[in-house]
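Engineer: For reference, the chains in residue letters:
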Amino acid sequence: MQLSLLNQLRDQNPVILNISNFVTVQDVANGLNSLGASPIMSEEIAEADALVQMSGAVALNLGAFTKQQLAHIQKTGELANKYHKPLIVDPVAIGAVAYRREVAEQLFQQFQVDIIRGNAGEIAALAGMDWQAKGIDAGEGDGDKVTIAQAAANQHHCVVILSGPTDIITDGTRVVQVKNGTPLFQLHVGSGDMLSSIVAAFAAVSGGDYFAAAQTACLVFASAGELVASELPAELPGTFAMKLIDELHLVTVAEVERVARFA
Amino acid sequence: MQLSLLNQLRDQNPVILNISNFVTVQDVANGLNSLGASPIMSEEIAEADALVQMSGAVALNLGAFTKQQLAHIQKTGELANKYHKPLIVDPVAIGAVAYRREVAEQLFQQFQVDIIRGNAGEIAALAGMDWQAKGIDAGEGDGDKVTIAQAAANQHHCVVILSGPTDIITDGTRVVQVKNGTPLFQLHVGSGDMLSSIVAAFAAVSGGDYFAAAQTACLVFASAGELVASELPAELPGTFAMKLIDELHLVTVAEVERVARFA
Amino acid sequence: MQLSLLNQLRDQNPVILNISNFVTVQDVANGLNSLGASPIMSEEIAEADALVQMSGAVALNLGAFTKQQLAHIQKTGELANKYHKPLIVDPVAIGAVAYRREVAEQLFQQFQVDIIRGNAGEIAALAGMDWQAKGIDAGEGDGDKVTIAQAAANQHHCVVILSGPTDIITDGTRVVQVKNGTPLFQLHVGSGDMLSSIVAAFAAVSGGDYFAAAQTACLVFASAGELVASELPAELPGTFAMKLIDELHLVTVAEVERVARFA
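Chains as they are written, first to last, in my numbering: chain A, 30 to 292; chain B, 30 to 292; chain C, 30 to 292.
Just chain A, with the same shape it has in the complex:
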């Protein structure tokens, strides 16, 4: 676990380009900004080349898009490869919606992704394994999540984050499990989207070690949420979302180390 990446992120303030989910875009931008990165969002392919070049990493969210936006997403992914920028993809709801899975599979043939972040239903769909996803939620399945994540990583030749109550991070061989967190993440729409873009911010300062970037991002994010939840008098999803933005700005390496639970 390279927690020093958190300080590097704040020192370097990397520009993170997001093709974002319109549902959660402001929350993602504020999460990146609070943590110490510089978010930029775009919907226009004509500026894709310039924006990718100025960015430290690229996060593509497949959460909600039109066919027109698909060309933009594809081009941005190709440019990330061309300019050797870390490329993170969040395949929202591909476990529940066949159209989204088809689109994702076509996209993954156009560019090489470095890190994929999804819930169990989404990662199972990537791995071609059985799972009962439910809309944007993980749903339920019998498969072993570590096996599912490893299969997806091996098929896509990248690091995979299967996030949930326990986050599983794997490069196909090595596996780290982050056990921090809080159920309040599931009660706030956009927690997963925010994590995906935060993973991109860590990747931007990781010197190419995406396995380290992925696990550190998960640990920092999960610990920040856990720290916020531990101070709340009840399950307060609105207050949690606000204080998570506060905590992403304030949380220190020492605080994360104090609560960290991973294996």
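Simulated from the structure, these hints should not be mistaken for lab results. Treat the numbers as computed from the prediction; the structure is a model and nothing was measured. Every residue gets a Cβ at the ideal spot worked out from N, C-alpha and C, and that includes glycine. Do not rely on the hints blindly, as some may be mistaken.
To give a feel for the contact side, a few chain B residues facing chain C, derived at Cβ under 8 Å [stated by the list, open to error]: (1) Phe94; (2) Tyr112; (3) Gly267.
Position chains B and C relative to chain A; hints supplied.
Structural biologist: Quick look at chains B and C alone, frame taken from chain A:
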């Protein structure tokens, strides 16, 4: 008033498909999620069939859209009818903008809506009655709001919610008035959009009794807002919005019963 | 400084039409609403004529748009000129992205803007002066900011607001500097977008004195932020964003006068 629907909603966690207003989409998603439903948003017609099939109800918000999105809205409404899913429409600003009224009238000829939720200016426009709407706000008029709501319900053969300081719910004949609430709802953009999608969530678990679903949704939402407002030391629109998300998660049938004022 | 404009704004509750940045649109709508204006957002050119006519001012945000939306932005600007509505433009990231600068320059040839609000990187780009902008952030440069703002104002024959730790407001000749504020504005994505639309709200009630409207809007907004920040126990970007919405509703002329620092 079937307040047991609140518990059924939380037990069943219905997927609610929203064609949403981009202005308020995250707030609506979080409101649904906090209350106990599972929101999904979409902008792509290619996935409309799959998403409608997996949903418990469909909420169409006419708040802000392009001509391209209209085809998506129309298709989604038709599919809701085809698959017998409760269909809720929020006709934002049709009282103030002639183009929006024309679009809404064309849409209402393409599918049969089950519940319409709007403010006085919007419902008066639907009923073809005089009213001075103001932008997204209700504006002012002399007509009797109960008569306006009943006329709109009879013309559109559906349940109508005319929301405001007092919510009027009618199927054209029967009328229920929910008197709970707080002026802070008017100070937060998106309160109406959130109510419309929450009405869809109640409709999803109502077994087809949309009159019951509409009035219960209004009572729960208005009571949650009133409970939040009663704890605030001043008119704080930002704090209200955050705590409303908290309260939608926490509010119980017993608490609603304690403050409920309706007739 | 015409602080009485704040009371006029609340009395008149002007409709403000926004072609908005999808990243920050809900925050902008809520800021306008809390302050006392009536926001309306649109993405559809077919309703542009009606919406401009019913508005007290028009705010165009160039923050994130597609080519299709450009036609809408251009038409709305032309209509604002035609109907003599105050026209405010926020040229987001034109200092960092050549495509955005080209688009902005083309737009400025199609209509006459009344007030431009941007950060140092954006205003330097408008003035054709050297500056190292960074994504959506101001970046760094050696030029004198007052000179830059005056040059941009003279070139575009309008009032220019160069906002930052000190806001510089100029009509090309006269200069006012507002020294209130807090670093928390930079930690919340959308602070600049919100200020631009609030400038439009003040312009709507200014009787055509856009230099007065611009400086008063800056002073009210910066003072509201400073008042909120002074009550926070730490740098809390999430809490700040929420309480800023509260304060825009509550802040009085007397409170602004008490903390005002400008020259």
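Engineer: Now look at each hint and say whether the structure bears it out.
Structural biologist: Hints versus structure:
no.	hint	verdict
1	Phe94	holds, 6 Å
2	Tyr112	violated, 28 Å
3	Gly267	holds, 3 Å
Taken one by one, the earlier hints fail for this structure only at number 2.
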